[in-house]
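A.B. asks: Sequence:
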Amino acid sequence: MPGCVFCRIIRGEAPAVMLYEDELVAAFLDIAPVAPGHTLVVPKYHAERPEELPAEYLCAMMKAAALLAPAILEATGAEGYNLLVNAGPAAGQVVMHVHMHIIPRRRGDGMRAIHVPGERRIVSHEELRPVGEAIREALTRIKGR
Numbered sequence: 001m002p003g004c005v006f007c008r009i010i011r012g013e014a015p016a017v018m019l020y021e022d023e024l025v026a027a028f029l030d031i032a033p034v035a036p037g038h039t040l041v042v043p044k045y046h047a048e049r050p051e052e053l054p055a056e057y058l059c060a061m062m063k064a065a066a067l068l069a070p071a072i073l074e075a076t077g078a079e080g081y082n083l084l085v086n087a088g089p090a091a092g093q094v095v096m097h098v099h100m101h102i103i104p105r106r107r108g109d110g111m112r113a114i115h116v117p118g119e120r121r122i123v124s125h126e127e128l129r130p131v132g133e134a135i136r137e138a139l140t141r142i143k144g145r
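FYI, our numbering numbers position 64 of the sequence shown as 64, with every residue one higher than the one before it.
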């Protein structure tokens, strides 16, 4: 995609601090990091959302993240990391080329996790069933396309 900054980085037309590259993905440091070592893993196939990617690119993204994460932890001294994909503007996606964030974390770093003990209500199975049924029905329709 000509105007996509990630496509431009992959083609070597825009600068980036490249950390890893293979035939399917590239990984480079985020220019607006939330923590030192914040890395983006980007497929070399332009798609806005994960479900638009061929499966081999999704697998390559996870393999690259599994390779990179220990190196990022070692290099930054972080104690853990988050893997994050924002799919769509409502979820916080800014660059409309699917990408995975590897965000190094430390205890007390001030960043919130999706699971903060004591802040989420436990929902009964009775409350969960309707949404579960709706998702299974949608999945059946999607698989039939």
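FYI, nobody ran anything at the bench for these hints, they're computed from the structure. Just so we're clear, the structure is a prediction, and the values are computed from it rather than from any experiment. Heads up, some of the hints might be wrong.
Using 20 Å as the maximum straight-line C-alpha spacing, the simulated EDC-like pairs for lysine to aspartate or glutamate come out as follows [to be verified]:
| hint | residue 1 | residue 2 |
| --- | --- | --- |
| 1 | 44 | 21 |
| 2 | 143 | 52 |
| 3 | 44 | 30 |
| 4 | 143 | 30 |
| 5 | 143 | 79 |
| 6 | 143 | 22 |
| 7 | 63 | 13 |
| 8 | 44 | 56 |
| 9 | 143 | 133 |
| 10 | 143 | 127 |
| 11 | 143 | 126 |
| 12 | 44 | 74 |
| 13 | 44 | 23 |
| 14 | 63 | 23 |
| 15 | 63 | 74 |
| 16 | 44 | 22 |
| 17 | 63 | 30 |
A.B. asks: Look at each hint and say if it fits the structure.
C.D. replies: Hint-by-hint comparison with the structure:
{"no.": "1", "hint": "44 x 21", "in the structure": "holds (10 Å)"}
{"no.": "2", "hint": "143 x 52", "in the structure": "holds (14 Å)"}
{"no.": "3", "hint": "44 x 30", "in the structure": "holds (17 Å)"}
{"no.": "4", "hint": "143 x 30", "in the structure": "violated (35 Å)"}
{"no.": "5", "hint": "143 x 79", "in the structure": "violated (39 Å)"}
{"no.": "6", "hint": "143 x 22", "in the structure": "violated (30 Å)"}
{"no.": "7", "hint": "63 x 13", "in the structure": "violated (25 Å)"}
{"no.": "8", "hint": "44 x 56", "in the structure": "holds (11 Å)"}
{"no.": "9", "hint": "143 x 133", "in the structure": "holds (15 Å)"}
{"no.": "10", "hint": "143 x 127", "in the structure": "violated (26 Å)"}
{"no.": "11", "hint": "143 x 126", "in the structure": "violated (26 Å)"}
{"no.": "12", "hint": "44 x 74", "in the structure": "violated (27 Å)"}
{"no.": "13", "hint": "44 x 23", "in the structure": "holds (8 Å)"}
{"no.": "14", "hint": "63 x 23", "in the structure": "holds (13 Å)"}
{"no.": "15", "hint": "63 x 74", "in the structure": "holds (18 Å)"}
{"no.": "16", "hint": "44 x 22", "in the structure": "holds (9 Å)"}
{"no.": "17", "hint": "63 x 30", "in the structure": "holds (19 Å)"}
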